[in-house]
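Participant: Just so you know, the sequences run in chain order S and V. At position 178 of the first sequence the residue is numbered 178 (full-length UniProt numbering), and the sequence of numbers has no breaks. At position 70 of the second sequence the residue is numbered 70 (full-length UniProt numbering), and the sequence of numbers has no breaks.
No lab work stands behind these hints, which were simulated from the structure alone. There's no promise every hint is true.
[As the list claims (entries may be wrong)] Straight-line C-alpha distance at most 20 Å; calculated SDA-like pairs for lysine to any residue:
(1) S:Lys-24 with V:Gly-119
(2) V:Lys-99 with V:Gly-119
(3) S:Lys-24 with S:Asp-170
(4) S:Lys-53 with S:Ile-41
(5) S:Lys-205 with V:Gln-200
(6) S:Lys-24 with V:Glu-114
(7) V:Lys-24 with S:Glu-114
(8) S:Lys-43 with S:Leu-15
(9) S:Lys-205 with V:Asp-153
(10) V:Lys-205 with V:Asp-181
(11) V:Lys-99 with V:Asp-179
(12) V:Lys-205 with S:Gln-200
(13) S:Lys-24 with V:Ala-118
(14) V:Lys-53 with S:Pro-115
Number of protein chains: 2
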Amino acid sequence: MLKRLPRVVREQQMLDAAVKVFAKRGFHAASMDEIAEVAGISKPMVYAYLGPKEDLFLACLQREATRLMEAVAAGVVPTARPDEQLWNGLRAFFAFVGKHRDGWQVLYRQSRSEPVFAGELDGMRTRIVELVAGLLEGAWAQSTPGRPVAPDDFLAMAFAYVGAAESLADWLADHADEDPDRTATRMMNFVWIGADGLLQGRAWKA
Amino acid sequence: MLKRLPRVVREQQMLDAAVKVFAKRGFHAASMDEIAEVAGISKPMVYAYLGPKEDLFLACLQREATRLMEAVAAGVVPTARPDEQLWNGLRAFFAFVGKHRDGWQVLYRQSRSEPVFAGELDGMRTRIVELVAGLLEGAWAQSTPGRPVAPDDFLAMAFAYVGAAESLADWLADHADEDPDRTATRMMNFVWIGADGLLQGRAWKA
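Chain S on its own, in the form it takes in the complex:
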C-alpha cells in the first residue's frame, strides 16, 4: 500500500517530517532515525530518496525558500498602488512565517548558523533583496518620474527593508499569540508611515 504512493508525495512527507525535526532539534542533534520515524518511513528509504542529512537539510531549505518566494510573489499585484503592493507582500510574508514557524526556523535561524548552508541562504537572500529593489524602483517611477535615483539607492533601501522584515519575522516566530496581520501592520507603520508620522499620531490602515 505504502509503496504505491507517488515518489513526489513520499518526498513531501519526508520533507515535512525533516523540517519538523530540524526545527525542534537543530541540524546537528537531529537524527535520521527520528526523521524516518516521524515520516513513518524506514530510514534506508529516506536515504534512498533524499540522501544524507546535509542533502536532506538542503532540500528542506530549498523547499521552504521556494514556498516563501511563491507566497510573497502571489501577494504582489504589479498594477496596485505602491502601498497596496507593499501591504500585500508583507501580509503574504508574515502569514507564511506565522503558518510555517518550523519552516522559518529551518530557513533562517538554522541555515544562518551553519557555515555549510550559509552560501545557499545568501543566494536566496540576494534574490529577495533584488526583488524588493525592483518593486521600489517601480513604485518610485510611478510616483516621482522626474527624479533620478541611483540603482544603488534602491538596493541599499531593499537591504534595510529585508533586514527589518527578517528581524520582525524572528519576533513573530517567538510569539505564538501574535496575529501575522498585526505584524504586517507593525511593519507598514515602520516602513510606510515612518517614526515622524507615528510620533505625530498617524498610523497605517489597510
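Please arrange chain V on chain S, whose structure you already have, making use of the hints.
Facilitator: Chain V alone, transformed into the frame defined by chain S:
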C-alpha cells in the same frame, strides 16, 4: 623590550591581529600561527594570554561588541529631540562599522554562522534591542504622553529597527566607497520619513 609591555597592551595587540585574521580567513580556516605572526608575538604566548582559538574568538567578539555599544551610547544624548537622538545613534553606529569593517565581519557575519558563538551573539543582540526599545519608549512619552502603548509594541518596533540597521551595515561593509554618514542618512530616510513621505519627495536632513 617586548616583555616590558603591560599585559593589557599586549592583549589588545593580539586581539587586533586576531580580528584581522578571523575577518579575512573565517573562524575555521584562521590559524593561530598566522594570528601570532600578525601580532608579532610567539604562538605559545598567544595561547598563554588568551587561550585556545575558541576563547580568542570569543574575546574578539566581546571586545568588538563592547566598542560598538560604547560608540552608540556615546552618540545618544538623552535630552535631545527624538530625531536627533536617532540620527546621533545611527551616525555613531555606521561610523563604527565603516571604521571597523573587520570588527563587523567578526561580530556579525562570522559569529552568526558559528553555532558555538550564536548564544553569545543572541545575548548581545537582546541588549541592543532592549536599548532601542527604551529609547523608543522615551521618544514616545516625550511626544504623545496621552497614548498608552503596550511594551511589546516597542520591542517589536525595536526588532525592526535593529534588523534594518544590521542589514544596512552588511551592505556598508561591502561598499568600500560608501561614506558611513550617507548610510546613516539612508536609514533616517527609511526610519524617520517613511516610504510615503519619500515618495512625496520628502527627505531627511540633519
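Participant: Confirm or reject each hint.
Facilitator: Okay, the hints, checked on the actual structure:
no.	hint	verdict
1	S:Lys-24 with V:Gly-119	17 Å, holds
2	V:Lys-99 with V:Gly-119	26 Å, violated
3	S:Lys-24 with S:Asp-170	15 Å, holds
4	S:Lys-53 with S:Ile-41	15 Å, holds
5	S:Lys-205 with V:Gln-200	18 Å, holds
6	S:Lys-24 with V:Glu-114	18 Å, holds
7	V:Lys-24 with S:Glu-114	18 Å, holds
8	S:Lys-43 with S:Leu-15	13 Å, holds
9	S:Lys-205 with V:Asp-153	17 Å, holds
10	V:Lys-205 with V:Asp-181	12 Å, holds
11	V:Lys-99 with V:Asp-179	10 Å, holds
12	V:Lys-205 with S:Gln-200	18 Å, holds
13	S:Lys-24 with V:Ala-118	17 Å, holds
14	V:Lys-53 with S:Pro-115	17 Å, holds
When held up to the earlier numbered hints, the structure conflicts with hint 2 and nothing else.
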